[in-house]
Structure formats: structure tokens, C-alpha cells
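Trainee: Chain by chain, the residues:
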Amino acid sequence: MSTKNIEELEKEFQAKIDADIKIEPNDWMPEAYRKTLMRQISQHAHSEIVGMLPEGNWITRAPSLKRKAVLLAKVQDEAGHGLYLYSAAETLGLDRESSIDDLHSGKAKYSSIFNYPTLSWADMGTIGWLVDGAAIMNQVPLCRCSYGPYARAMVRVCKEESFHQRQGFEIVSLLANGTPEQKQMVQDSLNRFWWPSLMMFGPNDDNSPNSAQSVKWKIKRMSNDELRQQFIDVTVPQAEMVGLTIPDKDLKWNEATGHYDFGAINWEEFNQVIQGNGPCNKDRIDARRNAKENGAWVREAANAFAEKRKKKELTH
Amino acid sequence: MSSKEWPLWEVFIRSKQGLSHKHVGSLRAADAQMAIDNARDVYTRRSEGISIWVIESKLVTASDPDESAELFEPADSKIYRHPTFYNVPDGISHM
Ligand SMILES: [Fe+2]
Ligand SMILES: [Fe+2]
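These protein sequence lines are chains C and P, in that order.
Taking the working numbering, I'd label the letters of the first sequence as residues 1 to 316.
Taking the working numbering, I'd label the letters of the second sequence as residues 1 to 95.
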């Protein structure tokens, strides 16, 4: 058993982080590091799972068999992402069931973006392009996160995400080059999803109190505002390329900074959605709760079957 | 509601013939067969594997990271176990 005191352990821990040595589940870690990661990874897992709902809404109405197969594969990937992440969080001592119950009671948060409705088929394009695009921006630096199981889960997730973004952009560019009605439909979708996508990166750095510690622990590698700017810089030219207009009259290339300037984000809306007052918060949580309750008999039956099989094996 | 949580399983995948199984992550399942089925869906959606092993996580015994210094020290001090420890005279090849 270790006889070191807390300060020594914390110093050694930070030295490992500074030397880019990954932290693994059984290694000593400060309680605050564990708690921060448990919260972040479980929120991330919840987002992947709730994130299936807005797209699931269109699986039965996809315009062709090909698009339906693609959308199914994408949504199935998101379920996988949720599972990798719940497992990663469990290595820190998270109790999966109670964490899911926290989501259902409204205690745990998930990404605000999934509380917006998917009103047209074009939203399947916009979500892949912008929402998965923003997720990729967020997740690529997480592949180098100091906590081994989270970093490894992110590597798998990022590999799969690029298909998500491309299939979305393909839908967007086809519609943008389609009939006037199709173009109108995809422009309307961009108008609705642009600002909520920018909010996915979280509050401005000045209003993000825990960020500094997360950067020190190398859980976070880039700030919210840096990531948001990077996202805008790569996305605006893509919109121009397919002839769509970003719904921001203040958006302008800034020669001096080498970045786009952009308009003010409506943080009041963001806070409302985070607090549960977005357009679909209630629907999303109801859907998750119903899924758990209506699936209870399946889980019980699986347990009963496993018991029966075990008994049979023992008597052989 | 009765809710016995499904146990946790560790998943190992052989990516192709000739390579060993490698740990890829974990999942929950009611029994071993279900763990294999779920591992197929969770970890091999893009032909990442040709063979799957699963083992209940509680059956894994791990070395204690706090004792890793003592545990692995004997290997560190035996540098003569490496070929680079030895001098080979100039002009000698195939060795
Ligand atoms: Fe995902
Ligand atoms: Fe995705």
C-alpha cells in the first residue's frame, strides 16, 4: 500500500499529465479529476443516445432505400458511441443505471442541439454536416485526452464520425443543387440549425469556469471559443461552395486576424434549452423513459434466460 | 421493477488471421452468448474482426499500479537480456 500523502500523489499525478503519460483506470487520481471526467463522459454518452432521436424521426420517411440504409447505419453508430462512452465512464466507477436515471430525471445534461426538432428531410443533411461536423471539432482534441479509456473511445468515435459528416453534406449539396423548392428546404434547414450548432461548443471562455482546470489536466485541449472559431472558418466556405447563405449578417472575413468575424450568439436561448425549456426537451426525455420502461421485460427475460442456460450447463 | 443489472464483459477482437486478440473495450450483457452478439454489433460494424473473445470483467485479475515499480524493476536492471548489451567486433556480420 502506498504511504504517500495527498500532496505527493497530486504532484506525481500532475507530473504524469505534464509528461503526456496517460492515466489508466486503476491509477491514483484526484477525486476532482475523477468527478470531472465522470460528468463529462456520461454527458457525452447521453448526448450520443439522445442524439439518435431527431434522426430516428426520419428513418421511416427517408426518400430512398439507399438513404434509409445510410441513416440507419449512422444512427446505429451513435448508439455504439453511447455504449463506448458509458463503458469508459464505468471504468471510473460510474454506475450506469443510476447515471441513466439521472438523465431521465433531468438531473444530468446532454448536448443542447438535440432539443431542436427535425422538420424536413433536409435536416438530415444539415445535422450530418453541421452537428456531426461540430462534434468532430470537439472530439478530435479529445483523442489526446489524458484519460486513456476516454481517449481510446474517442479514436473509435472520430473514425466513424467522418462518414456521418460526409453523408450529411452529400444530402445538403444535392438539395442545394436541386429544384428551387429543394434549395429552399435546405436553406431553411441551415437557417434553423446554424446558431444552435455554434452553441454546441458551449459558453464563451469568460463564462466557462471549469475550463482552466480541465486544460491543466489535459482533459480539454482547446477552449470553447477556439473550437467555435475553427468550426466557422472551415464551414463558411463549404456553404458558399454549394450556394447556401449562412444566416448571419455580421459574418465577414477578417483579413487581419485570418478568421471570420461573426454575430452575437443568443446565450439566453442556449441557457433556456440547457435548463430544459427548448422546443423538444420534454419529448426527448419522454422517449428515453418510455424506451427504458417498455424494454424492461426484455432485460428481465434475458436475465431469466441466462439463469436457465447456466443451470442447464451445471447439470451437464 | 426488478432490475438485476447485466454484468460487465471485456471484449477482445482478432482483427485478422495471424494476429492475436486485442482488448477493444467492454459492454454489458446477460450472458456470454449475448456478450458475443453485442460485441459483434458494438465493436465490429466495419469488419474490424474475425473472432471475438469475451470474459466477465470481474474475473480479470490485474496487477496493482501502486506496486508496478517493484513488480517490474527486476527487468529494468537486467540490461544483459538485450542484444545491444554485447559488443560485436567490427567485420562480423549476420549476427
Ligand atoms: Fe456520435
Ligand atoms: Fe455522428
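These are calculated hints, taken from the structure and not from any lab test.
As the structure is a computational prediction, the values presented were derived from the model and not from experiment.
Just to be clear, a hint being listed does not mean it is correct.
[Unchecked claim] Simulated pairs of lysine-lysine, BS3-like, Cα-Cα distance not exceeding 27 Å: (1) Lys159/C with Lys22/P; (2) Lys35/C with Lys78/P; (3) Lys310/C with Lys78/P; (4) Lys312/C with Lys58/P; (5) Lys107/C with Lys78/P; (6) Lys109/C with Lys4/P; (7) Lys311/C with Lys22/P.
[Unchecked claim] What follows is a list of derived Cβ distance ranges for each label pair: (8) Ser63/P with Ile136/C: 55 to 65 Å; (9) Ser63/P with Asp18/C: 58 to 68 Å; (10) Glu67/P with Asp20/C: 30 to 40 Å; (11) Lys78/P with Gly258/C: 50 to 60 Å; (12) Gly148/C with Glu70/P: 14 to 24 Å; (13) Glu70/P with Ala301/C: 18 to 28 Å; (14) Glu307/C with Leu71/P: 57 to 67 Å; (15) Glu70/P with Glu226/C: 23 to 33 Å; (16) Gly258/C with Leu59/P: 49 to 59 Å; (17) Lys78/P with Lys35/C: 35 to 45 Å; (18) Val88/P with Arg39/C: 18 to 28 Å; (19) Ala301/C with Glu67/P: 54 to 64 Å.
Where is the CB? At the ideal position from N, CA and C, for every residue including glycine.
Trainee: Each of the hints needs a verdict: does it hold here or not?
Mentor: Each hint, compared with the structure:
A hinted pair counts as satisfied when its Cα atoms are at most 27 Å apart, and Lys159/C with Lys22/P qualifies at roughly 18 Å. Between Lys35/C and Lys78/P the CA atoms are separated by roughly 40 Å; this puts the pair beyond 27 Å, and the hint is violated. For the proposed pair Lys310/C and Lys78/P, the alpha carbon gap of about 48 Å is over 27 Å, so the pair is violated. The hinted pair formed by Lys312/C and Lys58/P meets the criterion: a straight-line CA distance of about 22 Å does not exceed 27 Å.
For a cut-off of 27 Å, the pair hint linking Lys107/C to Lys78/P is broken: about 55 Å separates their Cα positions. As the CA atoms of Lys109/C and Lys4/P are separated by approximately 25 Å, the hinted pair is consistent with the 27 Å bound. With a C-alpha separation of about 31 Å, the suggested pair Lys311/C and Lys22/P falls outside the 27 Å cut-off, and the hint is violated. Ser63/P and Ile136/C have their C-beta atoms about 36 Å apart, which leaves the hinted 55 to 65 Å range violated.
Roughly 25 Å separates the CB atoms of Ser63/P and Asp18/C, a value that falls outside the hinted 58 to 68 Å. The supplied range of 30 to 40 Å is broken by Glu67/P and Asp20/C, whose beta-carbon atoms lie about 23 Å from each other. A hinted range of 50 to 60 Å holds for the C-beta pair Lys78/P and Gly258/C, which are about 55 Å apart. The hinted window of 14 to 24 Å between Gly148/C and Glu70/P holds, with their beta carbons roughly 22 Å apart.
Checked against the hint of 18 to 28 Å, the C-beta distance between Glu70/P and Ala301/C comes to roughly 48 Å, which is inconsistent with it. The given range of 57 to 67 Å is broken by Glu307/C and Leu71/P, whose C-beta atoms sit roughly 39 Å from each other. At about 43 Å, the beta-carbon gap between Glu70/P and Glu226/C misses the expected band of 23 to 33 Å. The given range of 49 to 59 Å is respected by Gly258/C and Leu59/P, whose C-beta atoms sit roughly 55 Å from each other.
The supplied range of 35 to 45 Å is met by Lys78/P and Lys35/C, whose beta-carbon atoms lie about 41 Å from each other. Distance hint check for Val88/P and Arg39/C: the Cβ-Cβ separation is about 57 Å, which falls outside the suggested range of 18 to 28 Å. In this structure the supplied range 54 to 64 Å is violated for Ala301/C paired with Glu67/P, their Cβ-Cβ distance being about 44 Å.
Violated hints, in rising order: 2, 3, 5, 7, 8, 9, 10, 13, 14, 15, 18 and 19; the structure is consistent with all others.
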